[in-house]
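*Asks:* What follows is the residue order along each chain.
4 protein chains.
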Amino acid sequence: MADKTYDFSGMKAIFFNGTLERSPAPSHTDHLITSSADIMEKHGVHTEVIRVIDHDIATGVYPDMREHGCTTDEWPDIYQKVLAADILVIAGPIWLGDNSSQTKKVIERLYACSSLENDKGQYAYYGRAGGCLITGNEDGVKHCAMNILYSLQHLGYTIPPQADAGWIGEVGPGPSYGDERDDGTREGFDNDFTNRNLTFMTWNLLHTASMLRDAGGVPAHGNLRAKWDAGDRSDYSNLEHR
Amino acid sequence: MADKTYDFSGMKAIFFNGTLERSPAPSHTDHLITSSADIMEKHGVHTEVIRVIDHDIATGVYPDMREHGCTTDEWPDIYQKVLAADILVIAGPIWLGDNSSQTKKVIERLYACSSLENDKGQYAYYGRAGGCLITGNEDGVKHCAMNILYSLQHLGYTIPPQADAGWIGEVGPGPSYGDERDDGTREGFDNDFTNRNLTFMTWNLLHTASMLRDAGGVPAHGNLRAKWDAGDRSDYSNLEHR
Amino acid sequence: MADKTYDFSGMKAIFFNGTLERSPAPSHTDHLITSSADIMEKHGVHTEVIRVIDHDIATGVYPDMREHGCTTDEWPDIYQKVLAADILVIAGPIWLGDNSSQTKKVIERLYACSSLENDKGQYAYYGRAGGCLITGNEDGVKHCAMNILYSLQHLGYTIPPQADAGWIGEVGPGPSYGDERDDGTREGFDNDFTNRNLTFMTWNLLHTASMLRDAGGVPAHGNLRAKWDAGDRSDYSNLEHR
Amino acid sequence: MADKTYDFSGMKAIFFNGTLERSPAPSHTDHLITSSADIMEKHGVHTEVIRVIDHDIATGVYPDMREHGCTTDEWPDIYQKVLAADILVIAGPIWLGDNSSQTKKVIERLYACSSLENDKGQYAYYGRAGGCLITGNEDGVKHCAMNILYSLQHLGYTIPPQADAGWIGEVGPGPSYGDERDDGTREGFDNDFTNRNLTFMTWNLLHTASMLRDAGGVPAHGNLRAKWDAGDRSDYSNLEHR
Numbered sequence: 025m026a027d028k029t030y031d032f033s034g035m036k037a038i039f040f041n042g043t044l045e046r047s048p049a050p051s052h053t054d055h056l057i058t059s060s061a062d063i064m065e066k067h068g069v070h071t072e073v074i075r076v077i078d079h080d081i082a083t084g085v086y087p088d089m090r091e092h093g094c095t096t097d098e099w100p101d102i103y104q105k106v107l108a109a110d111i112l113v114i115a116g117p118i119w120l121g122d123n124s125s126q127t128k129k130v131i132e133r134l135y136a137c138s139s140l141e142n143d144k145g146q147y148a149y150y151g152r153a154g155g156c157l158i159t160g161n162e163d164g165v166k167h168c169a170m171n172i173l174y175s176l177q178h179l180g181y182t183i184p185p186q187a188d189a190g191w192i193g194e195v196g197p198g199p200s201y202g203d204e205r206d207d208g209t210r211e212g213f214d215n216d217f218t219n220r221n222l223t224f225m226t227w228n229l230l231h232t233a234s235m236l237r238d239a240g241g242v243p244a245h246g247n248l249r250a251k252w253d254a255g256d257r258s259d260y261s262n263l264e265h266r
Numbered sequence: 025m026a027d028k029t030y031d032f033s034g035m036k037a038i039f040f041n042g043t044l045e046r047s048p049a050p051s052h053t054d055h056l057i058t059s060s061a062d063i064m065e066k067h068g069v070h071t072e073v074i075r076v077i078d079h080d081i082a083t084g085v086y087p088d089m090r091e092h093g094c095t096t097d098e099w100p101d102i103y104q105k106v107l108a109a110d111i112l113v114i115a116g117p118i119w120l121g122d123n124s125s126q127t128k129k130v131i132e133r134l135y136a137c138s139s140l141e142n143d144k145g146q147y148a149y150y151g152r153a154g155g156c157l158i159t160g161n162e163d164g165v166k167h168c169a170m171n172i173l174y175s176l177q178h179l180g181y182t183i184p185p186q187a188d189a190g191w192i193g194e195v196g197p198g199p200s201y202g203d204e205r206d207d208g209t210r211e212g213f214d215n216d217f218t219n220r221n222l223t224f225m226t227w228n229l230l231h232t233a234s235m236l237r238d239a240g241g242v243p244a245h246g247n248l249r250a251k252w253d254a255g256d257r258s259d260y261s262n263l264e265h266r
Numbered sequence: 025m026a027d028k029t030y031d032f033s034g035m036k037a038i039f040f041n042g043t044l045e046r047s048p049a050p051s052h053t054d055h056l057i058t059s060s061a062d063i064m065e066k067h068g069v070h071t072e073v074i075r076v077i078d079h080d081i082a083t084g085v086y087p088d089m090r091e092h093g094c095t096t097d098e099w100p101d102i103y104q105k106v107l108a109a110d111i112l113v114i115a116g117p118i119w120l121g122d123n124s125s126q127t128k129k130v131i132e133r134l135y136a137c138s139s140l141e142n143d144k145g146q147y148a149y150y151g152r153a154g155g156c157l158i159t160g161n162e163d164g165v166k167h168c169a170m171n172i173l174y175s176l177q178h179l180g181y182t183i184p185p186q187a188d189a190g191w192i193g194e195v196g197p198g199p200s201y202g203d204e205r206d207d208g209t210r211e212g213f214d215n216d217f218t219n220r221n222l223t224f225m226t227w228n229l230l231h232t233a234s235m236l237r238d239a240g241g242v243p244a245h246g247n248l249r250a251k252w253d254a255g256d257r258s259d260y261s262n263l264e265h266r
Numbered sequence: 025m026a027d028k029t030y031d032f033s034g035m036k037a038i039f040f041n042g043t044l045e046r047s048p049a050p051s052h053t054d055h056l057i058t059s060s061a062d063i064m065e066k067h068g069v070h071t072e073v074i075r076v077i078d079h080d081i082a083t084g085v086y087p088d089m090r091e092h093g094c095t096t097d098e099w100p101d102i103y104q105k106v107l108a109a110d111i112l113v114i115a116g117p118i119w120l121g122d123n124s125s126q127t128k129k130v131i132e133r134l135y136a137c138s139s140l141e142n143d144k145g146q147y148a149y150y151g152r153a154g155g156c157l158i159t160g161n162e163d164g165v166k167h168c169a170m171n172i173l174y175s176l177q178h179l180g181y182t183i184p185p186q187a188d189a190g191w192i193g194e195v196g197p198g199p200s201y202g203d204e205r206d207d208g209t210r211e212g213f214d215n216d217f218t219n220r221n222l223t224f225m226t227w228n229l230l231h232t233a234s235m236l237r238d239a240g241g242v243p244a245h246g247n248l249r250a251k252w253d254a255g256d257r258s259d260y261s262n263l264e265h266r
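Residue numbers (the numbering used here), protein chains in the order written: chain U, 25 to 266; chain V, 25 to 266; chain S, 25 to 266; chain Y, 25 to 266.
Among these hints, one or two may not hold up.
When chains are identical, the list treats them as one kind, so a pair holds in a single copy or across two.
In silico DMTMM-like cross-links for lysine to aspartate or glutamate, where the CA-CA straight-line distance does not exceed 20 Å [as the list claims (entries may be wrong)]:
(1) K105 with D206
(2) K66 with D256
(3) K251 with E72
(4) K251 with D214
(5) K144 with E98
(6) K105 with E65
(7) K36 with D216
(8) K36 with D101
(9) K36 with D259
(10) K66 with E204
(11) K36 with D88
(12) K66 with D259
(13) K66 with E264
(14) K105 with D88
(15) K251 with D216
(16) K36 with D238
(17) K105 with E141
Hints were generated in silico from the structure; no laboratory data involved.
As the structure is a computational prediction, the values presented were derived from the model and not from experiment.
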């Protein structure tokens with residue numbers, strides 16, 4: 025039975041999976057997502073996993089690509105889910121040491137909506153917590169995480185402590201996360217480091233999102249685009265004039 | 025007069041400057057640091073700037089390198105200042121598109137102390153906010169920021185929204201931030217994007233650090249190394265056993 | 025009239041453009057490609073530009089995705105063009121400081137074919153020269169180039185000296201490369217650094233590809249997968265046994 | 025007995041080791057260096073390993089820091105060795121997913137000398153081959169290699185195919201390369217992928233450096249700073265004027 029000291033009920037989390045495999049093919053990344061979402065669900069958080077490649081998300085840099093020549097675009101609907109969620113986790117595989125093209129497409133579309141504002145006048149993503157999960161054969165968890173976490177904070181997410189987790193094996197080709205071994209166990213599932221980091225990441229996302237929810241988001245001062253543009257400098261003094 | 029709606033008095037901030045120039049030579053990065061620290065000081069935050077190259081900080085991977093063959097090492101004293109600060113900003117220049125060796129040395133020494141824990145049993149850096157400031161001639165603010173912000177969250181810092189700021193000019197050689205122009209004004213000081221990002225970063229560091237201070241840090245559940253090692257899984261279920 | 029001391033006639037070059045804009049919308053990156061290809065054409069090199077987003081290239085990690093559930097896939101035809109070319113330049117825009125999803129898709133598909141070998145038994149891309157061209161508003165040329173050039177050498181390309189070029193403006197939003205200014209001139213076209221780097225890159229690609237062509241590729245010794253797998257160690261001695 | 029089909033006698037190679045451990049403490053990276061240098065030595069190549077931290081190399085951005093306030097600086101002597109070598113390999117450990125501060129210091133000093141020219145008027149490093157070797161516990165070989173190889177090509181080195189090699193273990197803490205196991209064997213020494221990549225890298229460095237030596241370096245056309253500055257455009261046409 026889950027520890028109920030902390031109550032996160034009513035919260036929502038979205039996990040993007042940037043795998044290059046279409047459903048119903050299995051995704052190694054999904055194992056990590058399942059484990060993280062499982063902890064959240066035990067605490068009443070509603071979770072949803074969006075496998076990017078299964079959706080008709082247009083490539084481009086506008087909020088709705090149907091207004092820019094694409095006949096279809098599922099992104100505007102997905103974007104509403106992102107805004108409804110307290111937590112966003114971008115998960116994905118490593119290819120040649122870097123994030124996949126599907127992971128990049130999601131970041132591009134999130135970025136394309138970054139000029140939108142919330143009702144306080146902050147960038148729309150403010151007041152939410154972001155993290156990432158990465159799987160690969162051999163190398164690149166941190167490189168991929170650097171890019172994802174940088175992107176998330178740039179968009180307005182708060183990044184909790186230790187907000188990334190992942191699994192890779194020894195350098196070189198080899199089994200991937202969750203592949204069945206000869207003895208029936210699964211590759212990586214017994215990796216204490218991965219399991220601990222995933223757990224810490226999940227809890228820190230919950231704690232941070234909860235703290236932000238309780239505070240009504242990030243205080244709306246010193247971070248308002250319209251006020252800045254209107255000349256309100258929030259105590260910033262130009263060095264030129266000092 | 026500073027807006028006093030928000031009271032951050034009693035808080036402390038440390039800025040590391042990873043410039044390769046020794047004092048008293050000027051540092052372009054210092055201009056950004058001064059502007060950010062100035063906002064903080066107006067709100068009662070005690071700020072201190074540590075220019076890394078001016079200090080006898082040993083290179084290495086232990087908390088105190090005097091115990092590992094170095095005759096001197098200022099790091100243990102500086103580390104105490106880091107722990108005493110609510111906010112840490114790692115600032116520095118760009119060389120060949122990447123962080124300087126002085127910036128890397130600071131990250132190495134912070135990392136060398138990362139196994140130390142606070143009295144709750146979390147990694148010692150938990151409960152603080154981290155950001156970065158980058159200057160260069162032409163390219164690399166985001167690349168450098170990715171690495172610094174990733175390192176800070178990995179160590180246990182919370183990264184607020186839009187926690188980086190910086191200045192670079194057009195691609196190619198040219199004036200650096202703060203260099204005097206022919207008309208007596210200074211390069212970059214009138215860059216609205218840099219000024220706005222710096223202000224937003226500073227306020228978001230203050231808001232986040234304040235929120236963490238008010239909450240007594242990050243809640244101590246689901247992120248405790250000793251408990252994990254003792255078998256407490258904080259609702260994590262191994263996929264192997266489900 | 026072109027300097028004809030160097031004769032590169034009969035050589036071929038492919039430029040991939042990873043822009044997110046579909047034809048006939050203009051692409052800022054195209055300006056750089058045009059300038060580089062122009063030098064090559066003056067020396068009898070056949071050049072072709074492939075704007076990735078205009079083509080029905082499947083997302084995935086196999087040489088031909090039609091064998092893996094996709095109804096169409098132009099990649100196998102494009103791959104033949106890549107193999108027929110002495111020079112490959114991956115060009116593209118910067119989004120949030122990183123390569124675009126279209127650029128990543130091309131790298132994924134190139135990588136998906138990386139186990140194929142040439143008739144000497146080397147990885148198929150050996151014996152060719154690779155470079156990159158990057159455009160953006162404000163930051164990230166080197167970060168994007170690091171990833172592209174790393175990927176190309178990993179696949180088997182030789183990277184000439186100074187094999188990247190690009191343009192970005194001062195930090196913050198602003199005109200992009202080739203945007204018309206009020207006075208009718210075009211942004212960036214007068215940037216001496218960009219023009220020089222582009223020229224040096226182009227010539228070094230030509231020199232390197234020519235040198236490799238004259239030598240019949242990279243000598244086939246010490247780099248043959250099948251021989252290694254058969255136990256031929258090419259003078260490598262395992263430290264374990266020394 | 026070494027295969028003597030290829031004769032590289034008279035060539036020189038420099039390996040920088042960016043470990044944070046001072047001699048005589050062992051360095052995991054040294055094992056990889058030894059294996060690569062061993063192949064070279066079997067073919068008459070003179071190799072030298074420079075452990076950066078053992079030398080009094082000043083931090084800074086000038087060719088000789090003694091002219092800029094440092095009382096000592098071994099770099100000018102080391103720089104001569106770099107120029108005398110046909111091959112440069114930058115090797116080092118991974119810290120928090122990135123290159124060490126010692127590795128960065130070497131790149132800074134190499135970069136500080138990058139405006140110097142050879143007698144053809146090319147950047148001084150032209151005509152040489154560069155590669156890298158990386159070791160770590162768990163993650164980051166490609167990230168570190170991206171930065172090193174990018175830096176080397178930017179300086180003027182030619183990067184051969186597959187010019188990086190390294191070893192990391194499964195994600196999480198664990199033994200490092202060459203650590204003795206319970207059965208007396210050494211961690212990583214039996215990793216076929218590492219051994220093969222190291223061998224391929226070494227041979228491709230030899231082939232490329234040899235090809236460049238035979239050709240008298242990179243042809244001196246289209247890549248000469250002074251000619252460009254004097255107005256010689258080497259067939260580059262400004263788009264503005266077409």
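*Asks:* So, for every hint listed, does it hold in this structure?
*Replies:* Outcome of the hint check:
Taking identical chains as interchangeable, the C-alpha atoms of K105 and D206 are never at most 20 Å apart, the minima being 41 Å within one chain and 42 Å between chains. Proximity of K66 to D256 under the C-alpha cut-off of 20 Å is restricted to the inter-copy arrangement: shortest distance 16 Å between copies versus 45 Å within a copy. In this assembly of identical chains, K251 and E72 lie within 20 Å of each other by CA distance neither inside one copy nor across copies; the values are 35 Å within and 29 Å between. Taking the shortest Cα distances, K251 and D214 sit within 20 Å of each other only across copies (18 Å), while inside one copy they are farther apart (52 Å).
In this homomeric assembly, K144 and E98 never come within 20 Å of each other (Cα to Cα): the closest approach is 27 Å inside a single copy and 45 Å across copies. In this homomeric assembly, K105 and E65 come within 20 Å of each other (Cα to Cα) only inside a single copy, at 17 Å, whereas the closest approach across copies is 40 Å. In the homo-oligomer, the alpha carbons of K36 and D216 never lie at most 20 Å apart, since the shortest distance is 27 Å inside one protomer and 36 Å across protomers. For a Cα distance limit of 20 Å, the shortest separation of K36 from D101 inside one copy, 16 Å, qualifies, whereas the shortest one across copies, 43 Å, does not.
Taking identical chains as interchangeable, the C-alpha atoms of K36 and D259 lie at most 20 Å apart only when they sit on different chains, with a minimum of 18 Å there against 36 Å within one chain. Taking identical chains as interchangeable, the C-alpha atoms of K66 and E204 are never at most 20 Å apart, the minima being 27 Å within one chain and 43 Å between chains. When the C-alpha separation of K36 and D88 is checked against a cutoff of 20 Å, the pair qualifies neither within a copy, at 24 Å, nor between copies, at 39 Å. Proximity of K66 to D259 under the C-alpha cut-off of 20 Å is restricted to the inter-copy arrangement: shortest distance 8 Å between copies versus 44 Å within a copy.
Taking CA atoms no more than 20 Å apart as the test, K66 paired with E264 passes between copies only; the shortest distance there is 18 Å, against 55 Å inside one copy. Taking CA atoms no more than 20 Å apart as the test, K105 paired with D88 passes inside one copy only; the shortest distance there is 15 Å, against 34 Å between copies. Proximity of K251 to D216 under the C-alpha cut-off of 20 Å is restricted to the inter-copy arrangement: shortest distance 13 Å between copies versus 48 Å within a copy. Only within a single protomer do K36 and D238 lie at most 20 Å apart by alpha-carbon distance; the minimum there is 14 Å, versus 25 Å between protomers.
Only within a single protomer do K105 and E141 lie at most 20 Å apart by alpha-carbon distance; the minimum there is 16 Å, versus 37 Å between protomers.
Hint compliance for this structure: hints 1, 3, 5, 7, 10, 11 are not met, and every other hint is.
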